[in-house]
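Asks: Line order of the protein sequences matches chains B and R. Per our numbering, residue 20 is the first one in the first sequence, and the count goes up by one each step. Per our numbering, residue 289 is the first one in the second sequence, and the count goes up by one each step.
These are calculated hints, taken from the structure and not from any lab test. Don't take every hint at face value.
[To be verified] Negatives, chain R to chain B, calculated, CB over 12 Å:
1) Tyr477
2) Gly511
3) Ile643
[As the list claims (entries may be wrong)] In silico BS3-like pairs for lysine-lysine, Cα to Cα no more than 27 Å straight-line:
4) Lys630/R - Lys67/B
5) Lys111/B - Lys606/R
6) Lys292/R - Lys101/B
7) Lys101/B - Lys304/R
8) Lys140/B - Lys542/R
9) Lys82/B - Lys304/R
10) Lys630/R - Lys101/B
11) Lys630/R - Lys70/B
12) Lys606/R - Lys82/B
13) Lys53/B - Lys627/R
14) Lys111/B - Lys302/R
15) Lys302/R - Lys43/B
16) Lys497/R - Lys327/R
17) Lys506/R - Lys82/B
18) Lys82/B - Lys627/R
19) Lys302/R - Lys140/B
20) Lys53/B - Lys292/R
21) Lys111/B - Lys542/R
22) Lys82/B - Lys630/R
23) Lys82/B - Lys292/R
24) Lys53/B - Lys644/R
25) Lys627/R - Lys111/B
26) Lys111/B - Lys644/R
27) Lys82/B - Lys302/R
28) Lys53/B - Lys566/R
29) Lys327/R - Lys111/B
30) Lys506/R - Lys542/R
31) Lys82/B - Lys644/R
32) Lys560/R - Lys53/B
33) Lys566/R - Lys30/B
34) Lys67/B - Lys627/R
35) Lys53/B - Lys542/R
36) Lys53/B - Lys302/R
37) Lys327/R - Lys82/B
38) Lys101/B - Lys542/R
39) Lys94/B - Lys630/R
40) Lys304/R - Lys23/B
Since the model is a prediction, treat every value here as computed from it, not as a measurement. The beta-carbon is built from N, C-alpha and C at its ideal position, and this holds for glycine as well.
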Amino acid sequence: MNVKDGYFYSKEHEWVKIEGNKAKAGISDYAQHKLGDITYVDLPVAGKAVKQFEVLTGIESVKAASDIYSPMTGKVVVVNSKLENAPELVNKSPYEEGWIVEMEISNLSETSNLMNAAAYKTFLSGLEE
Amino acid sequence: MDHKNTVLYDEHIKLKALMAPFAGWNMPIHYGSIIEETKYTRTAAAAFDICHMGEFIVTEDPAKSTLDETITNPVVKMKPLTCRYGFLLNDNGTPIDDLIVYRMKEDKWMIVVNASNIEHDAKKIKANLSKEAGFEDISGASVKIDLQGPKSMEVMKKLVGDSIKKLKYFQFDTFDLLGGRHIISRTGYTGELGYELYISADKGVELWKKLLADPLVKPAGLGARDILRLEAGLPLYGDELTESVTPLEAGMEKFLDFEKEFIGREALLKQKRTGITKKLTGVAIEGRRTPRHTNRVHINNSDCGFVTSGVFSPHLNKGIGFMYLDTDKVIEGNEVLIKLDKGETSGRITTPPFIKNTSIKYQEA
Chain B
20 MNVKDGYFYS
30 KEHEWVKIEG
40 NKAKAGISDY
50 AQHKLGDITY
60 VDLPVAGKAV
70 KQFEVLTGIE
80 SVKAASDIYS
90 PMTGKVVVVN
100 SKLENAPELV
110 NKSPYEEGWI
120 VEMEISNLSE
130 TSNLMNAAAY
140 KTFLSGLEE
Chain R
289 MDHKNTVLYD
299 EHIKLKALMA
309 PFAGWNMPIH
319 YGSIIEETKY
329 TRTAAAAFDI
339 CHMGEFIVTE
349 DPAKSTLDET
359 ITNPVVKMKP
369 LTCRYGFLLN
379 DNGTPIDDLI
389 VYRMKEDKWM
399 IVVNASNIEH
409 DAKKIKANLS
419 KEAGFEDISG
429 ASVKIDLQGP
439 KSMEVMKKLV
449 GDSIKKLKYF
459 QFDTFDLLGG
469 RHIISRTGYT
479 GELGYELYIS
489 ADKGVELWKK
499 LLADPLVKPA
509 GLGARDILRL
519 EAGLPLYGDE
529 LTESVTPLEA
539 GMEKFLDFEK
549 EFIGREALLK
559 QKRTGITKKL
569 TGVAIEGRRT
579 PRHTNRVHIN
589 NSDCGFVTSG
599 VFSPHLNKGI
609 GFMYLDTDKV
619 IEGNEVLIKL
629 DKGETSGRIT
639 TPPFIKNTSI
649 KYQEA
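Take the sequences, apply the hints, and build the full model.
Replies: This is how it looks when you write it as structure tokens:
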């Protein structure tokens, strides 16, 4: 499974890429692979405030409907509107074109509750048989 | 619980299939993408491992047919080398299984049944056949591979010759294949032109490899099969058909021959007189959300039914599903609200099939 350096990861397989007080978030390559073809992403409204590890939004695949948890506390500023008609971008490009939201964050220290790329790789290897 | 492997198991692993348990078997769900396999089947030709399904052979004098009195299919009226869809019912008219009967000779039939019901079906059918009738469960010795899609005739011509063209929808014959004579029927579960191939278990891998060696053919798993059958408006035993519904409620009256005897006939004649209170229909979602098994269905804030199965249709770019609704609520085009596991979504009552104008009845001169 592809893990991107420079991103932080949650145990629920969300990623976050931090630039200043902005953070882009999506789901990891492992998550998209486990979910299978993504058929629907429920895009949250801009302005939505959410705490770290609370439900950010929902996603549906050919298999099931799942929750996506927010990797950081913050406020949604932009959503990836391309996903409305092309949710398969999450499968094709989970770390780039398949980003889900951009958030304004205030507490950078929350990254201590997340894993860096190396730690996430180790975490994944523990999940795989 | 231990799940059985089909003879093609090693082939699926080589193709990096995602395997999962289905009806007691380890089956390929997909080989990379359910959506891509679904689309490919409607544009070219896809091979499906359907070895888990069961096959019985019944032999008896057609003048004294007890099989005819057992299942809903008119097995004595059928012409040889044709197939008919029908049911094995309980006395109360609910289905134990849905099945397809092949009339092989005047006095010989093959019955194809669902994997999860093989034992139950065999017991029920045997108990109703006369002592003179022969019954054999050949499920273990036989392998079934489906080839489905608009290009499947082209593939089959290369495999068995131009004589494949003579098969019309729901006809079958035996063909020379891999050094033997084997049954091939013009049937399927996708709504496309397609074939079901029955071959002895020892030839299964060879046939699978031969099909996939054709550049027109790709493998497809049960995930794609489920979307394809739903788009085509075909019910699945366990979802739309269970021991809690009748074929009348499922809209399957044309597969019941009331002019002859069958188990459950009395109960269904009674239900025809009193009327049905719920009816199977379809729902097309307005948008990309997927209705799923057991979701409740509301109309004007009142609960009036439930979803039996649903998928995202990559051909319509929307969620579709089957649902049972209170009979008086089944009005084409009316709006329903589906209570999803997470949230809710609206859709419109739509009589299946959801996809029309497919290659299913294609005939070549």
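Asks: Are the Cα atoms of Lys606/R and Lys82/B separated by 27 Å or less?
Replies: Given pair Lys606/R, Lys82/B holds - Cα atoms ~15 Å apart, limit 27 Å.
Asks: Holds or violated: is the Cβ of Gly511/R farther than 12 Å from all Cβ atoms of chain B?
Replies: 6 Å, violated
Asks: Hint check: Lys82/B vs Lys304/R, CA-CA at most 27 Å. Holds or violated?
Replies: Satisfied, since the Cα-Cα distance of roughly 18 Å is no more than 27 Å.
Asks: Starting from Lys53/B, check that the Cα of Lys627/R is at most 27 Å away, please.
Replies: 25 Å, holds
Asks: Is the straight-line distance between the alpha-carbon of Lys82/B and that of Lys630/R 27 Å or less?
Replies: Given that 27 Å is the threshold and the Cα spacing comes to 14 Å, the pair holds.
Asks: Is Lys82/B within 27 Å of Lys292/R, Cα to Cα?
Replies: Distance ~23 Å between Lys82/B and Lys292/R Cα, so the pair holds.
Asks: Going straight from one Cα to the other, do Lys111/B and Lys606/R come out at no more than 27 Å?
Replies: With a Cα-Cα distance of about 20 Å, the restraint between Lys111/B and Lys606/R holds, given a limit of 27 Å.
Asks: Take the C-alpha atoms of Lys630/R and Lys101/B, compute the straight-line distance between them, and say whether it is at most 27 Å.
Replies: Measuring from Cα to Cα gives roughly 22 Å; hence the hint holds.
Asks: Keeping to a limit of 27 Å between CA atoms, is the pair of Lys630/R and Lys67/B held or broken?
Replies: 18 Å, holds
Asks: Verify the proposed pairing of Lys327/R with Lys111/B, using a straight-line Cα cut of 27 Å.
Replies: Holds, at about 17 Å.
Asks: Lys506/R and Lys82/B were given as a pair; does the straight-line alpha-carbon distance stay at or below 27 Å?
Replies: Judged against 27 Å, a Cα distance of about 22 Å means the pair holds.
Asks: Quickly compare the C-alpha distance for Lys53/B and Lys542/R to 27 Å and report which way the hint goes.
Replies: Roughly 42 Å between the alpha carbons, so the hint for Lys53/B and Lys542/R is violated.
In summary, the structure is inconsistent with hints 2, 6, 7, 8, 15, 21, 24, 25, 26, 28, 30, 32, 33, 35 and 38 from the numbered list given earlier, while agreeing with the others.
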